[in-house]
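Participant: Taken in sequence, the protein lines are chains A and B.
Under my numbering, the first residue of the first sequence is numbered 31, with each subsequent residue one higher.
Under my numbering, the first residue of the second sequence is numbered 138, with each subsequent residue one higher.
Simulated from the structure, these hints should not be mistaken for laboratory data.
Predicted, not measured: the structure shown is a model, and the values here were computed from it.
A couple of the hints might just be wrong.
Quick list of in silico lysine to any residue cross-link-like pairs, SDA-like style, CA-CA up to 20 Å [stated by the list, open to error]: (1) B/LYS397 - A/SER274; (2) A/LYS192 - B/ILE173; (3) A/LYS38 - B/ALA352; (4) A/LYS92 - A/ALA281; (5) B/LYS169 - A/ILE216; (6) A/LYS43 - B/LYS357.
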Amino acid sequence: MSKINCYKFRIIKDYIARFLVYLSLTLALIPIISILYEVVQRSVFVINLDFFINSAPTVGEKGGGIANAIQGTLITISLASIIGTPIGLMSGVFLSEYSEYKLSLIVRFFSDVLSGIPSIVIGVFAYALIVRSIGFSVIAAAFALAIIMIPIITRTTEEALKIVPLSLREAAIALGVPRWKTVIAIVLRSARKAVTTGILLSIARIAGESAPILVTMGYWRWWFEGLDRPVANLALNVFVFAMSPFENWIALAWGSAFLLILLVLWISIAVRVLTKGRY
Amino acid sequence: MRSFYKIPFFHRLDIKHFSRFERQVNGDNIFKLVGILSASSILLLLGLMIYELINGSWLSIQAFGLNFIFGTKWDPAILQVFGALPLIFGTIVTSAIALIIGVPISIGVGLALSEYMPRKFGFAISFLVELLAAVPSVIYGLWGIFILIPFLRDYVYSYLQTFFGFIPIFSGPIYGGGVLTGGIVLAIMIIPTVSAVMRDLFSAVPNSQREAIIALGATKWETVKIVISYVRSGIIGAVILGLGRAVGETMAITMVIGNKFQVCPSSLFDAWYTMSAIIANELLEATYDLYVSALMNVALVLLFVTLMINILSRLIVWRVLMLVRGLARE
Numbered sequence: 031m032s033k034i035n036c037y038k039f040r041i042i043k044d045y046i047a048r049f050l051v052y053l054s055l056t057l058a059l060i061p062i063i064s065i066l067y068e069v070v071q072r073s074v075f076v077i078n079l080d081f082f083i084n085s086a087p088t089v090g091e092k093g094g095g096i097a098n099a100i101q102g103t104l105i106t107i108s109l110a111s112i113i114g115t116p117i118g119l120m121s122g123v124f125l126s127e128y129s130e131y132k133l134s135l136i137v138r139f140f141s142d143v144l145s146g147i148p149s150i151v152i153g154v155f156a157y158a159l160i161v162r163s164i165g166f167s168v169i170a171a172a173f174a175l176a177i178i179m180i181p182i183i184t185r186t187t188e189e190a191l192k193i194v195p196l197s198l199r200e201a202a203i204a205l206g207v208p209r210w211k212t213v214i215a216i217v218l219r220s221a222r223k224a225v226t227t228g229i230l231l232s233i234a235r236i237a238g239e240s241a242p243i244l245v246t247m248g249y250w251r252w253w254f255e256g257l258d259r260p261v262a263n264l265a266l267n268v269f270v271f272a273m274s275p276f277e278n279w280i281a282l283a284w285g286s287a288f289l290l291i292l293l294v295l296w297i298s299i300a301v302r303v304l305t306k307g308r309y
Numbered sequence: 138m139r140s141f142y143k144i145p146f147f148h149r150l151d152i153k154h155f156s157r158f159e160r161q162v163n164g165d166n167i168f169k170l171v172g173i174l175s176a177s178s179i180l181l182l183l184g185l186m187i188y189e190l191i192n193g194s195w196l197s198i199q200a201f202g203l204n205f206i207f208g209t210k211w212d213p214a215i216l217q218v219f220g221a222l223p224l225i226f227g228t229i230v231t232s233a234i235a236l237i238i239g240v241p242i243s244i245g246v247g248l249a250l251s252e253y254m255p256r257k258f259g260f261a262i263s264f265l266v267e268l269l270a271a272v273p274s275v276i277y278g279l280w281g282i283f284i285l286i287p288f289l290r291d292y293v294y295s296y297l298q299t300f301f302g303f304i305p306i307f308s309g310p311i312y313g314g315g316v317l318t319g320g321i322v323l324a325i326m327i328i329p330t331v332s333a334v335m336r337d338l339f340s341a342v343p344n345s346q347r348e349a350i351i352a353l354g355a356t357k358w359e360t361v362k363i364v365i366s367y368v369r370s371g372i373i374g375a376v377i378l379g380l381g382r383a384v385g386e387t388m389a390i391t392m393v394i395g396n397k398f399q400v401c402p403s404s405l406f407d408a409w410y411t412m413s414a415i416i417a418n419e420l421l422e423a424t425y426d427l428y429v430s431a432l433m434n435v436a437l438v439l440l441f442v443t444l445m446i447n448i449l450s451r452l453i454v455w456r457v458l459m460l461v462r463g464l465a466r467e
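Given these sequences and hints, build the entire structure.
Facilitator: Here you go:
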């Protein structure tokens with residue numbers, strides 16, 4: 031009799047555990063669904079032509095758009111990618127292709143550590159290094175964002191190159207192809223999708239960063255004026271507009287958030303398509 | 138063969154080819170050098186970061202020393218005294234709330250994705266969870282202000298106060314934003330990071346373990362318990378990883394915590410401040426050198442804490458994954 035009860039008890043425990051697991055999954059999914067729904071629902075009213083061609087409104091001004099923020103974000107991201115991508119790519123190549131060096135072990139570890147450093151601290155670093163000498167500028171912001179990009183690209187490139195079968199490298203070496211040409215023309219080429227994935231992921235990450243932007247450029251209402259001047263930024267717009275008391279500013283915050291979400295969604299889907307069949 | 142003899146003799150001597158060989162060796166060296174330079178630039182950046190932050194906060198270190206960490210006054214306007222203890226407490230408390238709420242849910246999500254869900258369905262769900270990790274932190278803040286705060290204020294906090302109001306931490310006025318709201322937003326933000334590591338850890342457990350216990354007639358939950366205990370120390374690493382993210386989170390927490398410098402808030406519903414939030418709010422408004430230096434000192438403390446957290450968690454997760462995968466291979 032007691033054995034049967036014990037068995038029932040175990041079954042009940044099993045059901046409870048299953049319930050809790052699915053409950054936690056549901057709880058984890060509610061925020062993302064709510065965020066997607068609210069961002070779309072609250073931004074449909076602002077997204078029109080004015081939204082894309084006007085620049086940020088002054089206090090009391092009606093309407094307004096985020097054209098200057100789009101321009102500024104594109105400039106900042108491109109500059110950061112120009113600095114960060116080559117360094118990240120080459121370190122990834124070094125970690126995967128020259129893993130016989132002790133250095134690669136150390137670098138792998140510390141690139142993980144670097145990717146865990148809060149973006150605000152990286153922003154303060156750029157502030158100390160660049161803003162204090164040349165002032166609030168795109169260069170400082172791009173420098174900070176590049177530091178955020180580098181470890182992401184390094185690790186994803188390394189993972190991507192490791193999947194390339196050794197036989198490809200051996201075939202190239204047997205043909206007398208030098209190592210650097212093997213890496214560029216064969217290894218990187220056959221892993222190009224996964225490498226692109228890493229770069230896209232890092233761009234998605236820095237497009238949404240606002241903390242380092244805040245301390246290296248501050249809020250900027252105007253258009254691009256030069257590399258040693260600040261530019262506007264979408265993510266920072268969300269922050270500044272959301273904390274403001276004006277209706278139309280808050281609407282613009284939701285509109286900017288919609289664009290950012292769209293970018294993130296697009297990149298996530300692109301990543302899924304690019305890596306299809308690998309996972 | 139025939140074509141070989143068509144080549145003129147001096148070409149066959151291969152002087153040219155030999156010189157090309159030389160050149161290729163140089164190309165290899167240059168390539169390797171570029172690789173070494175980029176890879177070591179990561180180390181260089183880290184070193185430079187530590188140096189610059191120490192250098193920048195030197196004024197504050199000289200003026201306050203250890204009192205900076207144990208001081209409880211932050212008065213830039215009149216006394217020009219800076220003490221960061223309440224900020225450190227703010228960061229610790231919000232991160233602790235985030236872990237208390239986030240870790241059980243993350244374990245559940247990790248288990249659901251690796252043990253409970255069928256593969257095909259799990260694919261779509263893990264896409265959503267990863268999307269949660271990709272959403273910019275400022276959007277969490279926006280969502281926190283306009284959706285989460287009204288919801289919590291109207292439907293959760295008032296009931297919490299009715300039922301648990303006799304406990305001091307649940308008494309006091311409800312503003313909506315505050316310590317608990319900050320902790321909840323942080324919990325939402327660490328769930329994708331932690332649960333992704335959990336999923337990897339659980340998936341790394343060899344199937345022979347599951348098969349062995351199933352063969353003994355175990356239920357699913359008993360199997361899962363074996364899986365969890367197999368990677369127990371890895372779970373600790375994942376939790377510390379989540380802690381690192383919670384400690385450094387800036388924009389979302391700035392938008393929902395209320396930004397009020399005080400030694401101890403009256404309840405969990407009261408406003409407070411964290412290290413990251415004060416840097417974001419005050420660095421641009423700092424008018425004199427000591428003020429800037431004090432904020433950099435906060436950043437230095439934050440850097441030090443997150444460095445420790447990260448090194449610890451990476452070491453733990455690495456060791457466990459190596460161990461588990463090594464055992465699986467044998």
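Participant: The structure should be examined with respect to each hint, and the outcome stated for every one.
Facilitator: Structure-based check of each hint:
1. B/LYS397 - A/SER274: holds, 18 Å
2. A/LYS192 - B/ILE173: holds, 18 Å
3. A/LYS38 - B/ALA352: At roughly 19 Å apart (the allowed maximum being 20 Å), B/ALA352 and A/LYS38 satisfy the hint.
4. A/LYS92 - A/ALA281: holds, 11 Å
5. B/LYS169 - A/ILE216: holds, 17 Å
6. A/LYS43 - B/LYS357: holds, 10 Å
No hint from the list above goes unmet by this structure.
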